[in-house]
Structure formats: C-alpha cells, structure tokens
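I would like the entire structure built from these sequences, with the hints used as guidance.
Those sequence lines, one after another, are chains D and Z. Quick note on my numbering: the first sequence kicks off at 325 and runs consecutively. Quick note on my numbering: the second sequence kicks off at 853 and runs consecutively.
These are computed hints drawn from the structure, not numbers from a lab. Please note that the accuracy of each hint is not assured.
Calculated lysine to aspartate or glutamate pairs in the EDC-like style (CA-CA distance at most 16 Å, straight line) [what the hints assert, rightly or not]:
(1) D/Lys352 x Z/Asp865
(2) D/Lys395 x D/Glu448
(3) Z/Lys864 x D/Asp349
(4) Z/Lys1026 x D/Glu579
Sample of chain Z residues facing chain D (criterion: CB under 7 Å; computed from the structure) [as the list claims (entries may be wrong)]:
(5) Gly895
(6) Glu936
(7) Tyr975
These stretches of chain D come out as covered by chain Z in the derived footprint (C-beta under 8 Å, 3 or more residues) [said to hold, decoys possible]:
(8) 629-642
(9) 652-659
(10) 663-674
C-beta: ideal position from N, C-alpha, C; glycine also.
Single-letter residue listing:
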Amino acid sequence: MCGIIGFISRKKRLIRGDKIAIALDSLKERGNGQGSGYVGYGIYPDYKDYYALHVFLKNTPTYHKIIDKVKNILSKYGVVVKDEEIPVKEGVLKKEFIPWRFFYDFHDSYKDIENDLMVNIVMEINDKVNGAFVFSSGKNLGVFKATGWPKEVAEFYRLDEYEGYMWLAHARYPTNTRGWWGGAHPFNILNWSVVHNGEITSYGTNKRYVESFGYKCRMFTDTEVVAYIFDLLIRKHKLPVEYALSAIAPKFWDEIERMDEEERRIHEAIRMTYGPAALNGPFAIVVGTHEGMIFMNGDIEKNNTMIGLTDRIKLRPLVAAEKDDLVFVSSEEAAIRRICPELDKVEMPDAGSPVIVRIE
Amino acid sequence: MENEEMVIIDAKDMNYRELNEKIHEVLNKNPNIKKIVLKNVLGQRYIGNGIQKRDLTIEIYGVPGGDLGMFMSGPTIIVYGNTEHAPGNTMDDGKIIIHGSGGDVTGHSMRGGKIFVRDDVGYRSGIHMKEYKDKFPVLVIGGRAKDFLGEYMAGGMILVLNIDREGKDLGKIKGRMIGTGIHGGSIYIRGEVDEFQLGVAADIKEFTEKDREKIKGYIEEFCNYFNLNEDIKEKLINSEYTKIAPVSKRPFGKLYTHDLR
Chain D
325 MCGIIGFISR
335 KKRLIRGDKI
345 AIALDSLKER
355 GNGQGSGYVG
365 YGIYPDYKDY
375 YALHVFLKNT
385 PTYHKIIDKV
395 KNILSKYGVV
405 VKDEEIPVKE
415 GVLKKEFIPW
425 RFFYDFHDSY
435 KDIENDLMVN
445 IVMEINDKVN
455 GAFVFSSGKN
465 LGVFKATGWP
475 KEVAEFYRLD
485 EYEGYMWLAH
495 ARYPTNTRGW
505 WGGAHPFNIL
515 NWSVVHNGEI
525 TSYGTNKRYV
535 ESFGYKCRMF
545 TDTEVVAYIF
555 DLLIRKHKLP
565 VEYALSAIAP
575 KFWDEIERMD
585 EEERRIHEAI
595 RMTYGPAALN
605 GPFAIVVGTH
615 EGMIFMNGDI
625 EKNNTMIGLT
635 DRIKLRPLVA
645 AEKDDLVFVS
655 SEEAAIRRIC
665 PELDKVEMPD
675 AGSPVIVRIE
Chain Z
853 MENEEMVIID
863 AKDMNYRELN
873 EKIHEVLNKN
883 PNIKKIVLKN
893 VLGQRYIGNG
903 IQKRDLTIEI
913 YGVPGGDLGM
923 FMSGPTIIVY
933 GNTEHAPGNT
943 MDDGKIIIHG
953 SGGDVTGHSM
963 RGGKIFVRDD
973 VGYRSGIHMK
983 EYKDKFPVLV
993 IGGRAKDFLG
1003 EYMAGGMILV
1013 LNIDREGKDL
1023 GKIKGRMIGT
1033 GIHGGSIYIR
1043 GEVDEFQLGV
1053 AADIKEFTEK
1063 DREKIKGYIE
1073 EFCNYFNLNE
1083 DIKEKLINSE
1093 YTKIAPVSKR
1103 PFGKLYTHDL
1113 R
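So, in structure tokens, the structure goes:
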C-alpha cells in the first residue's frame, strides 16, 4: 500500500507545509501509522547556500556525545554555521529520536567537490556514528519524518511554520521491514528526495550495485537505494534524465526491437550497462531532483524538478493533475482535490513514462 | 428521516466508515427509498458495497474512493466525477455509470451487471471478468483503456469506443498486453489493433455482423446515458471493430500438464 503525493509550483511560489499535510492525511488509509514524512524545497531561504543536515539522534541522556561525534566529522571539511534541535511540538509523538539540524559550509578549497564530499560525510555518519542517522542533506530543503500518522508527524514538526515551492509526502504501510523513524519516507541524499509506494524486489542487486560506488544502505528498507541510484546515474554519471529513467524502469525488449536503429542501440546499451540499476518490482515514486540534471536535448536544468514514475507494468497507482502554476502527482485523485478542488487537468501517466515538471 | 423516497447526504469531510454506515442506516429506515444523493464525496471508499436492491439509484457528486459498488447486486450508481481504483469490483448485478474516468482495475472480477465509463479507464480494466449462465458482465469504455485490458478475462464483454469528449475519434489505440491470459469472453475495440498489442492467449477474431448486433444495444445505452447525438451513435454502431478473444477454447489447458495425454 503506502500513499504518496507531491506538488510543485512552476513559478516557485511558496506554499505553507500544512497544505501537503492535509493532502497526505486523506491518504492515511493507505498507511498504518508506522511512518509518515514530508520534504519541503525552498524552506530555508536564510541559509540557502549552506547544506542543511537533518540528523536523528538516539534519544538517550548522552545524546550530546553523538552531536560531538557528528561535528568531528563535519569539522574536517568545513564549518557548522549553526546547529539546533529541529523545533518540535512535544507530546505529539513518542520521541525515539531527537531530530537535530546542522547548517554547514565547506571550506573554499573543497567547493568544487562539495557534493561528493557531502555524500561521503552522510555515508560516514550513518555507517560509523552509533545512534546518528542523517535523513536530509540538501541545500534549502528539509525532510521531516517519524513513526506516526500523517497529521501527527506534521504537527510534531510544526510543518505550518515552513514555506516551500515543492513538497513531497508519504504515508507508510511497512511490509517487508519494521517501521521506524529512519524507515519513513522521503529518502534523501543531497537535493534528491524520493517517496515510494511499492517494493523494490531487486533491492539486493541494486544495493550491491550502489555500494560498489561507495554508497551505504543503512536505513533497513528498500527505498533508500532509489535515492542513491538517482544520484549515481544522473549527477555522478551525468546520464540524460530520460535515459536514466529508462534504466530505472527499462523498456521491454519487444518495444526496443520496434524502435529506430539509433534509439534501439541506445536502449540496448542502457539495459546492458545499467541492468543492476533497474528497479524490479511494483513501484510508484515521486522524486524531487538535484540541480544540474541533463536532458536528452542537451538542456541543463538549473532548478529542482519533480518527477513522477511508475514501474513499466503499472503495479501501483499514480495520477497527475494541474491547476495554474501547480502540478500534482499522487496515489489518489481525491488527495489532490482535498487541497485543490478545481483542477485544470487530471490524467493517468503511462506506466514507466515519467512526468517531469520543471520550474518556468 | 424515515420512509422517504429520496435522501441527500452531505459527505463533506466524512470518513468512509461514517458515510457507509449512514448509507446503510438510510436503507434500513427507508424501505421504499428510490434514490440516495451523495454530495461532496471525496475519496471515500466502498460506497454501495454489497447493497442488494434493484430499484435504488445512488447519485454521487465528486470523486468516490476505491472499490465503488463492490459486491453490489442490483442498484444503479451514477458518478458525476472520476473514480479511483476498482469501481464495480466483483459486482454481481446493477449498473455503474461514470461521467468521467475510471481508475486502475475498473470492473475488477465483475460477475454480472454493467459499467459505463464516459472517458478513459486505467490499467488492467476488466481483469478477471467472468460469466455464468445468465450472468454476463459488460464494461463499456467511451475513451481508451491502458495496458492489460481484460487480463485473465474469463467471460463477459468489454467494449472500447475510442472517442473523446466531443465524440471525435481518438485514433489507433496505444494499449499493450491486451487480453493477457484471456480464456473466455470477448473484447471489442473500435478501430485497428496490432498483433503485438495483444497479450499471451489473446487472438484477433473476425468481427462479424453477429458481433455488431451483440454490441449495438450497449452502444445505444451508452449514447443515451451520456447524451451523444444520433450521428455519433450511428458512427459508433457502424464502425469497424477489432474483436479479441481467447486463441483457443482452453489456452492454458496444458500449462502444467503438457506431458500428460
């Protein structure tokens, strides 16, 4: 099951976080209260040039020691501009973790490779620091997630105090692994964020593949690997986004056979080269993308975009809708209409064909 | 609110349990009820489930949630809006008329009754429809269907008219894997379908005048519900259709027993 929804303003209009929470609440039947989460893009305008690290700290009396360990790693490459507990409303959830945030700036000498270094830092903290899990590591964005129902998690994180131009959200119904704070969606690395309904049957293959490039899957659930695949294929390998998505949801061989010579060869090459990056199993995902994505026609995307995609045989639902500058994707049309009753257009995207929404 | 013939329920912000309990309460208290009007419906699941009452009409304004009319036997549901997944799931008898689009698995496992969808339907519509004696389910789609139409179909009829909101032709259909695993019933699609668009066990059969007679009544019914004019009706009746049916009587008869005689 699981319920997903995302929306973006193509004019970068800022929208308060309680909107997405209302929409997600109407998908709560698709979850079971074992994980809900949100990501807002554009929420930290005052710190927009710094990495905003959101870190779960195991809630023990000595949690300050965990903060020191995280700071030790961070201080190797830059400075923590500010750190504090993420403002929460006490008493809403059982606080298994203390969500902490660090605004972080790399030293000038590292600026050229700061994205790669940030990935390494996240992997190092998640792998080596006991009781610390980085769950958000982008700039001018933040993930807010926990074990709980959509409304509870939104209330806990005081989501109505943030404004963003893109929001993604997820109500979880854990099936293959237990629900915990770090297992809630969205999964994020840099400015990539993924919410997912379904299961990645190929998780083992995908995990081994990304781990051979230095990523470490430490969140005990399959969707984490999807965020790393996007980062690897599109940011690191600079694959045009259309091809990267075709690697993730591959074309059928019989479809490839009917393509023109050039296209056929490209798709054959993608299937052969990126076989271990293919997501097998049922999925519908909504992805917030990192900057610098390259398109087939050579366009380079300066902004973040929103992508909606399902597996190629459509084993999970996804609808897309538009109203003025807003574009929505969701598991159910009703969730979209909950926050935007009158829509200009509603459609069901083709299986395995992405909906990519760019800022104007 | 007792012994009424018509009851209006405002479903605004109502949980699906509350709404469905209310519908059943109305049915219990009003034995002569003919019509229930549901306003401001938004995502509430299971509306009309299991209701057995032939002379009842349920009008829905908004977007009902999944499994609309599941196990229903008799009533007519009219939806002024789109529906989510599986309207008519395992319905036994009655009608669902959708003035909009149906979600994935529209008509899932229907065993009787009729569904008319004005616009499009999602993936796997008509999956596992089945027929038995006088039980003959029919799914009529005004626009187009996504892939896996009539998957594992065992009986009944699916009719795809392939027209847009104005009644204009939508052109050649895009769907793939049509009738995957079909072993009974028939699918009629207006216009041409290529062999490669078919799933395993499905085959293109000759569309005969007998077939045209079979679908004519459902086209007329469709045009009637959605106010389509005579010209469009005539066009739909006299168009060429592709008939898709099982490749043989028992396409999977030897799936597990190929070595047996």
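How the hints compare with the structure:
For the suggested pair D/Lys352 and Z/Asp865, the alpha carbons sit about 14 Å apart, so the restraint of at most 16 Å is met. The straight-line distance between the Cα atoms of D/Lys395 and D/Glu448 is roughly 12 Å, inside the 16 Å bound, and the hint therefore holds. Proposed proximity of Z/Lys864 and D/Asp349 is supported: the alpha carbons are some 15 Å apart, at most 16 Å. For the hint linking Z/Lys1026 to D/Glu579, the alpha-carbon distance of about 12 Å falls within 16 Å, and the restraint holds.
Hint status for Z/Gly895: holds, given a least beta-carbon distance of 3 Å to chain D, under 7 Å. Interface hint status for Z/Glu936: upheld, as the beta-carbon distance to the closest one in chain D is roughly 5 Å, under 7 Å. At its closest, the beta carbon of Z/Tyr975 sits 4 Å from a beta carbon of chain D; the interface hint therefore holds under the 7 Å criterion. Here's how the stretch 629-642 of chain D fares: 3 of its residues keep a CB closer than 8 Å to some CB of chain Z, so the rule of at least three is met and the hint holds.
Proximity of the stretch 652-659 of chain D to chain Z, defined as three or more residues with a beta carbon under 8 Å from a beta carbon of that chain, is established by the 4 residues found. Residues of the stretch 663-674 of chain D with a Cβ under 8 Å from some Cβ of chain Z number 3, which satisfies the need for three, so the listed coverage holds.
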